[in-house]
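Engineer: Residues per chain, in single letters:
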Amino acid sequence: MLAESLALSAALFTIGVVGVLVRRNAIIVFMCVELMLNAVNLSFVALARAHGTAGQVFAIFVMTVAAAEAAVGLAIIIAIFRHVRTVNLKNINLLRG
Amino acid sequence: MNEFYPLVYTFHFYLFGLVALAAAIVFVTRKSPVAAALWLVVVMTSLAALYVMLDAEFVAVIQVLVYAGAIMVVFLFIVMLLNLGTLSELGEIRGKWGRIAAALVGLALVAELAALSRAAYSLRVTVPARSGPEAIAETGGVIGSIAAPMFRDYLLAFELTSVLLLVAIIGSVVLARKRSEHDAG
Chain C
1 MLAESLALSA ALFTIGVVGV LVRRNAIIVF MCVELMLNAV NLSFVALARA
51 HGTAGQVFAI FVMTVAAAEA AVGLAIIIAI FRHVRTVNLK NINLLRG
Chain L
1 MNEFYPLVYT FHFYLFGLVA LAAAIVFVTR KSPVAAALWL VVVMTSLAAL
51 YVMLDAEFVA VIQVLVYAGA IMVVFLFIVM LLNLGTLSEL GEIRGKWGRI
101 AAALVGLALV AELAALSRAA YSLRVTVPAR SGPEAIAETG GVIGSIAAPM
151 FRDYLLAFEL TSVLLLVAII GSVVLARKRS EHDAG
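One line per chain: the protein sequences are C and L, in this order.
Just so it is clear: in the first sequence, position 10 is 10 by the numbering used here, and no numbers are missing.
Just so it is clear: in the second sequence, position 66 is 66 by the numbering used here, and no numbers are missing.
The reader is advised that the hints may include incorrect statements.
Residues from chain L that face chain C, not an exhaustive set, calculated with beta carbons under 10 Å [claimed, not checked]:
1. 5
2. 7
3. 8
4. 47
5. 71
6. 103
7. 164
8. 168
9. 174
Calculated directly from the structure, the hints in this document are not laboratory data.
Note that the coordinates shown come from a computational prediction; the quantities given were computed from them, not determined experimentally.
Beta carbons are placed, not taken as given, at the ideal position from N, Cα and C, and that holds for glycine.
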């Protein structure tokens with residue numbers, strides 16, 4: 001099942017990347033990043049089956065970092081929303097020259 | 001399960017894999033953030049089922065508790081907190097050139113990852129499979145087989161993760177705090 005898992009992981013990661021590039025809602029962009037992390041976790045777990053359980057340990061580390069990233073990212077979204085009253089990335093262009 | 005019912009195993013593996021893939025596609029095309037979040041929960045739960053079938057029961061439990069539970073609840077909570085307004089202004093998708101660029105990047109990425117998967121598949125032939133129920137039982141059960149490397153080989157990474165979580169807690173409180181007028185300077 002390794003090949004199938006890696007193919008599914010690749011597909012989910014690509015869907016996440018396309019979502020990040022296409023969507024303009026900051027919250028959905030964040031969820032797409034979570035989907036990409038999940039796809040990587042699937043690769044870790046599938047490879048851990050063939051190469052020992054260290055991959056599962058890394059999957060748990062990825063989940064921890066994802067939780068921290070979600071908390072900080074959503075706090076940033078709240079802070080931005082207070083300033084510009086929107087989460088549409090089209091209107092958030094403070095750093096554009 | 002793999003040894004006793006190979007056909008059932010394969011059927012359910014493909015079933016949950018296809019559910020995850022379909023739910024991911026539906027997730028990324030939803031306009032409403034709430035609907036998108038709920039479809040993402042479907043993806044994560046299907047992935048948890050796949051983790052169980054890949055002999056990673058503990059990771060599956062953590063996936064349901066932390067991802068499908070905690071993180072998605074935080075997302076839905078933020079959607080509720082922000083009161084984003086009507087759907088028509090929410091479901092904005094980039095214009096034609098953005099979509100074409102994204103499609104090109106996606107196709108290139110899926111080709112690249114497929115090539116990588118093939119390479120990994122040919123690699124598997126040379127590496128003996130060390131996992132499975134017997135190997136897990138040898139190394140101290142489902143949780144013990146994860147805990148041993150985590151607290152021996154990766155102890156430094158584990159401690160650093162706790163520092164990272166502390167920083168994230170403080171950072172999110174500082175960022176999301178409402179500043180009063182005389183406090184802003």
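Engineer: The structure should be examined with respect to each hint, and the outcome stated for every one.
Structural biologist: Cross-check of the supplied hints:
Below 10 Å, beta-carbon pairs count as interface contacts, and residue 5/L has none with chain C, the closest being about 14 Å; its hint is therefore violated. Given the 10 Å rule on beta carbons, the hint for residue 7/L is violated: about 13 Å separates it from the nearest Cβ of chain C. Contact between residue 8/L and chain C, as hinted, is not supported at the beta carbon level, the nearest pair being about 13 Å apart and thus beyond 10 Å. Because the beta carbon of residue 47/L sits about 6 Å from the nearest beta carbon in chain C, less than 10 Å, this interface hint is met.
The interface hint given for residue 71/L is met, as the beta carbon of that residue sits about 5 Å from the closest beta carbon of chain C, less than 10 Å. Interface hint status for residue 103/L: upheld, as the beta-carbon distance to the closest one in chain C is roughly 7 Å, under 10 Å. At about 6 Å, the closest approach between the beta carbon of residue 164/L and any beta carbon in chain C falls short of 10 Å, and the interface hint on this residue holds. Residue-level restraint check for residue 168/L holds (minimum Cβ-Cβ distance to chain C is 4 Å; threshold 10 Å).
With its C-beta approaching chain C no nearer than about 8 Å, residue 174/L sits inside the 10 Å limit, and its interface hint holds.
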